[in-house]
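> Spelled out from the first residue to the last, the chains are:
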Amino acid sequence: MLRNLLISLLLLSFVYIFYNLYVGFTPKTELDGIAAHYADKGAAEIGAANLVTAVVVTYRGFDTLGEVTILFLTASIIGFFLKLTEADENKVIIHRGTSELLVTSSNLLVPIIILFGIYVFMNGHLTPGGGFQGGAIIASAVALAILANPNMHINHQIILWVESISGVVFVLIGVLGILLAGGFLDNRVLPQGQFGTLLSAGAIPIIYSFIGLKVGAEISNILEKYQKSQKES
Amino acid sequence: MKIKNLSVSFIIIMAAWLLLNWSFQVEIVLIGLILSLLLSLLFCSKCQLFSELKLTPKAFAYTLIYIFVFLIELVKANIDVTKRILSPNLPINPGVVKVETTLNSKMARLILANSITLTPGTFTIEIHDNALYIHWIDVKNSDVTEATEILARKFETYLKEIYD
Amino acid sequence: MEIIQYLGGALLIMGSLSLLIASIGLIRMPDVYNRVQTGTKASTLGAILSFLGVGLLSIENWSETNWIGRVIILIIFIIITNPVSSHILMRAAYVMKIPFTIDTKVDKLKEDIENKVLEEPKDE
Amino acid sequence: MIKYLILIAVAIILMSLLGGLYRFFKGPSLVDKVVAFDSITVNSLVLIGVMALLTGRAIYFDVPIVYGLLSFLGVIVVARYIQGGL
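Chains as they are written, first to last, in our numbering: chain A, 1 to 233; chain B, 234 to 397; chain C, 398 to 521; chain D, 522 to 607.
Okay, chain A solo, but in the shape it has when bound (with noise of 0.2 Å):
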């Protein structure tokens, strides 16, 4: 009774708050300040199609440099705190026999997918995604492996590269920025290209890459981490 009443209580606080939130809601019509230089000169600055991703490459870069880190971050925190041994390497997952099915058309899906999330990635300038849609995607493809093959081998030292080598390039294109151009990641190392095509936006396409890149691996770092926690007797 008294649950119920609460319940109710707190769907009227929520219909309180979103009536107070649509009343209150004036539509901006205008850009105002930076919004506006963006909106107006992004495209003739930057050279990509896709707005957003100019902002997030070029001038809010150094924030995306951040956000990697803390991917890293969490990647390397949730390996600590699994506490994986040696001897963790060698388990077997007794499980169901997955389904024939299932592994025949992981086999035949895996590298469509990471493909696609390569696609993603170099297009992020063009199209909506970006390094981080384009990681996730490729992520994606390793859990579907995980999933048709549980006790699959994850080449662990693959991923450290990957992810450890991206790294670097990201920042080394973004002094790059400092020396050859206006400052830091600014993409205009490499020349602009003609507007709307694959190799445009100077060094955004390439920057991107490697974003996704190291989003892919350290994903694919925490994913391989669960599968072997996973491992039981």
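For the record, the hints were derived by calculation from the structure and aren't laboratory data. Hints are supplied without guarantee of correctness; some may be wrong.
As the list claims (entries may be wrong) - With a Cα cut of at most 25 Å, we get these calculated PhoX-like pairs of lysine-lysine:
#	chain 1	residue 1	chain 2	residue 2
1	C	LYS494	D	LYS554
2	B	LYS279	B	LYS237
3	C	LYS494	D	LYS547
Since chain A is already given, all that's left is putting chains B, C and D on it; use the hints.
Below, chains B, C and D alone, put in the same frame as chain A:
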């Protein structure tokens, strides 16, 4: 054998890349070539998916025929199921029957199971060695050989020609 | 060009009708197994037809965009994944021992499990 | 004329979404709910495709591909979960 697996997966990945981009500019084709080479080396260096695939013109012709047969069956499946769903007294007679296949290639068995799943009122529940257990919405015959004749024969004959 | 537009519209309508039939089947069928049957079958064809229709309708702005390739990729993807995912789901339902409807005539899978041809699928 | 055809199709798809929602709330077992969810996903894939058509932007077509991929993975994960593995 390994070369065949690699090249078929290379072609499939390249085709997917070109379809996604739908453009034949030099840079896109070049990037696609590099990517497909890398991905097929990475994922298909040990795979056995296409080992039994025949690469003869006859097999290619049979692939086209198979797609045609499959599309006809797909439309027939839908008309059949639609009739059952919309008729007032719901005339269903379900059951699980066993079908034995003679196909050995994993890929051919995936295609067979998926085709059975998509055709009139039949659905693969379990696949084990050579036996497919199929949920049939209107059981006409529960005998193994008869059911195989009705359900799987029409696909198997073509798949036998495509996959060895 | 006009004819292609109308063809695309007709395909789209047919696809959406298939989707509607799938959901009616989802409501009317008596047990899980039959629901999965009708659900996947009709909705797969519905999605294929609808996307073909969308692809044909978009030919109007053919020059500037790249619709048709993605439509083909999407259709192939649906044809491969939809049956597999529902097969996995049906297997899970069988392991959970969700009962068949009383109309069910034969169950060869159960017979084979009893005759030890196949080991019992067990949940851990 | 074509525009009306598209709108009729959208209306029919929305109706089938309602059917899926009914089964999602009613469904006696967990598997029923997953099936209903799968059907809702397919419907919304088509809806996103039609949206891309109505706004005339091909780049929205990446969205249904990713969504279809995620729903495939989701169904497999849930199936594995309810049968007790992983």
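> Against each hint, give a clear statement of whether it holds in the structure.
We went through each hint and held it up to the structure:
With a C-alpha separation of about 16 Å, the suggested pairing of C:LYS494 with D:LYS554 holds against the 25 Å cut-off. A hinted pair counts as satisfied when its Cα atoms are at most 25 Å apart, and B:LYS279 with B:LYS237 qualifies at roughly 12 Å. As the CA atoms of C:LYS494 and D:LYS547 are separated by approximately 19 Å, the hinted pair is consistent with the 25 Å bound.
The structure shown violates none of the earlier numbered hints.
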